[in-house]
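Colleague: Use these hints to put chain B onto chain A, whose structure you have.
Single-letter residue listing:
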Amino acid sequence: MTNLLHGAKQIIAEATREPLDRIEDDAAAGVLEPWDSIAHVHIMLAIEAAISRELTPEEIVDCMDVRSIASVLGATAD
Amino acid sequence: MNRKVKRKPWHRIKRPDYWNTVETEHLRLEPQSWWSALMLERRLVDDPEARIKMGGSGKLRSSLQILRRYRGPNGCSRHTHAIIDKATGEMIGFHKIGLHNYRKATLTIVMLKRDKSVRGFAKEARTALLRHFVNLAGVELFLGEVNTRNFASVQLYNQLGFERSGILHNLGYDAENERVLHSFVFELHGQALVGFMERTTPPGAEQIEPKRDSK
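From first to last, the protein sequence lines stand for chains A and B. Residue numbers for the first sequence follow my numbering, so the first one is -6 and each next one is one higher. Residue numbers for the second sequence follow my numbering, so the first one is 270 and each next one is one higher.
By construction, these hints were calculated from the structure, which means they are not laboratory data. Possibly wrong hints are sitting among the right ones.
[Unchecked claim] Counterexamples of contact, computed for chain B against chain A with all Cβ distances above 10 Å:
1) K273
2) H280
3) W303
4) K355
5) N370
[Claimed, not checked] Covered stretches of chain A, as calculated for chain B (at least 3 residues, CB under 8 Å):
6) 23 to 33
7) 50 to 60
Only a predicted model underlies this, so the values are computations on that prediction, with no experimental measurement involved. All C-beta atoms in this analysis are idealised placements derived from N, C-alpha and C, irrespective of residue type, glycine included.
Excised from the complex, chain B in its bound form:
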């Protein structure tokens, strides 16, 4: 009797290595549990500037509203890493990555500290995590959506080699500045991703082939 073996889709596979801490020159990127990631999101909601950038409005949300919309790390398709400055031990932000079918990943980074002392840390954190997920899970396409007025993030995507693939118009309204909000869509895949991996390989390190254990 032929029984069809049902395989888990790629983004639903739990890999123990997802829980490894990623170390960079200046940072420690620690994977967060469902609860600790929720506490990080709570800190984001306390930051009015971040509220406007992330949600499109400065509206304060209640704890219940946050909980209803919250989809925390699950060990397979959703991951949150706390960005910790090695020198001070301080948590300066967090990075979220969502894995989707067909080897696609979506990205979000939140820097809670924004001054000269954390200069270049967002780029360092994102570079390390993109490499981590390419090596570990074999991500083939990274997708980022960023508010067009978020100049720092736009510059970060450009520096990392992402290509702008489009604009999403009229996604929100910033009542404080009376401005309609649009978003850029940035993508990193194909030759651009290969180039990124080559550019960011640490000297002496060997390039690990992405795993291809499922579709």
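One chain only, chain A, in its complex shape:
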């Protein structure tokens, strides 16, 4: 799970252009200031690139914080 959290944080850090160490475990859209709509589009596309498939509608709605992104990355890795 730690690796998945790290992967999720890395995706968010790249999309928001924030240093990785500033992305906390509880970072979420609307809480982390640079996580705006443009960054969110980049995050969604980066997740799809990482899991090599399109996100399902349920996953699109769920991917609003670090933990849910990590769980999507984990579900695809299984």
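Modeller: Chain B alone, transformed into the frame defined by chain A:
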């Protein structure tokens, strides 16, 4: 002799205040006439990305086709506001709101400019207009339908406190990306709407009770 007084349904009432400009910190939201809103729609049709997001396909429509499908602002149940950046005076998008019976409203927002300079403006515009229509007309339920691939709008609805009430499957086909399109339905009502109004009340401002002058 008892004559039954026929009252206009709530969404058919013309209120002069609908034509007031709404001001926010960075934006001016100007109500548009039937004709000026049509000109805004025309600009949307010129934008291929917006065509795919709004219509489900990138197909270019003729002026006649646009006119046939067009239902512009009417001063009571349909409203279009131009979103103008106060700093530059530039029109960066527009917001449509449709009022329906039983105090329900449907929403559409189109940002014609999409870069860092307009960051947070869609949220600011939508927040102000939702508050405007709750205070002015007493809307009790806001309903938004958004393409599942429109990540920015999905995030906007989440941030505003809307709850996802369902998915409409197979609503269109994006031929360019060979993809079947689905839509989310988002709703804001009841306690979530009360919470939204409390969260977004400007400091020092008094909460105005919604008008309840008709059903």
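Colleague: Determine for every hint whether it applies to the structure shown.
Modeller: Structure-based check of all given hints:
no. : hint     : result
1   : K273     : holds (47 Å)
2   : H280     : holds (29 Å)
3   : W303     : holds (30 Å)
4   : K355     : holds (20 Å)
5   : N370     : holds (29 Å)
6   : 23 to 33 : holds (count 5)
7   : 50 to 60 : holds (count 4)
Checked against the numbered hints above, the structure violates none of them.
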